[in-house]
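Work out the full structure, taking the sequences as your base and the hints as a guide.
Here this note's numbering is used: position 29 in the sequence shown is 607, and no number is missing along the way.
Check before you lean on any hint, since a few could be wrong.
Here are the computed distance ranges between Cβ atoms for each label pair [claimed, not checked]:
| id | residue 1 | residue 2 | range |
| --- | --- | --- | --- |
| 1 | His781 | Ser806 | 17 to 25 Å |
| 2 | Glu778 | Lys622 | 19 to 27 Å |
| 3 | Leu652 | Ile675 | 43 to 51 Å |
| 4 | Leu631 | Glu802 | 45 to 53 Å |
| 5 | Met776 | Gln740 | 36 to 44 Å |
| 6 | Lys676 | Leu652 | 20 to 28 Å |
| 7 | Glu778 | Ala729 | 36 to 44 Å |
Keep in mind that the hints were calculated from the coordinates and are not lab data. Since this is a predicted model, take the numbers as computed values, not measurements. Note that the Cβ used here is the ideal one computed from N, Cα and C, for glycine as well.
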Amino acid sequence: MEYTAIIPARGGSKGIPGKNIKEINGKPLISWSIQQALSCKKIKDVYVSTDALDIQNIALKYGAKSPFLRPKELSDDKSSTESAILHFIDWCEKENIKLENIILIQATSPFRYPSSLLTAIQLFESNNADSLVTVTKTHKFIWKNPSNPCASYDLYQRPRRQDIRPEDAIYFENGSFYITKLDVYKNYKNRLGGKIVMHEMSHEESFEIDDLVDFQVTELMMNEYGMSNDS
Numbered sequence: 579m580e581y582t583a584i585i586p587a588r589g590g591s592k593g594i595p596g597k598n599i600k601e602i603n604g605k606p607l608i609s610w611s612i613q614q615a616l617s618c619k620k621i622k623d624v625y626v627s628t629d630a631l632d633i634q635n636i637a638l639k640y641g642a643k644s645p646f647l648r649p650k651e652l653s654d655d656k657s658s659t660e661s662a663i664l665h666f667i668d669w670c671e672k673e674n675i676k677l678e679n680i681i682l683i684q685a686t687s688p689f690r691y692p693s694s695l696l697t698a699i700q701l702f703e704s705n706n707a708d709s710l711v712t713v714t715k716t717h718k719f720i721w722k723n724p725s726n727p728c729a730s731y732d733l734y735q736r737p738r739r740q741d742i743r744p745e746d747a748i749y750f751e752n753g754s755f756y757i758t759k760l761d762v763y764k765n766y767k768n769r770l771g772g773k774i775v776m777h778e779m780s781h782e783e784s785f786e787i788d789d790l791v792d793f794q795v796t797e798l799m800m801n802e803y804g805m806s807n808d809s
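Below you can see the structure in the form of structure tokens.
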């Protein structure tokens, strides 16, 4: 099976201007995801889809392919990630580039262990899955709907952490990456569909950068776990 990685990275970030190329631990944020994908032996090609020339130049510098600039109408605040992926698929078809399985990698999740992508691919293949979502287990009790509060556990039999059965564990979607068969995008216009499997990742890999505090925390973790700018 063949795998193509695609990293969407638009230039217009309101929260942190230039977020995708802001330096973290000595390298542009997006470069971490590019190099992690390039180091995975199962990934054939790594592409960056962007509307910004400065991001495109950095993507090329770190070894990704970035052969086009994404249209502005697919790169504003209201544009979905799926719209960028579908645009990439259309471009590949026009260029007669074969796609089989697409790995959507989020540039804002730079902390991944070297084995994470390969382990997920192996899980995807061994389960004959159509799509894969990365998740992290949480021991927090989840509540929803403030107007009519509802908890994820029995209020009158509050479970102890060590007593929670594996099938009752709660996981959250961490957004690090997704693996999806081409047909799922074709049929559902979505990154998840068909038979879905969950790939569990560690707590430290679940951090997603949205603000400056996230940058600082993630950088501290990268230093703690030995992710240097020459790794």
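Item to complete: State the violated hints by number, sorted upward, taking the hints as numbered earlier in the document.
Response: 3, 4, 5 and 7
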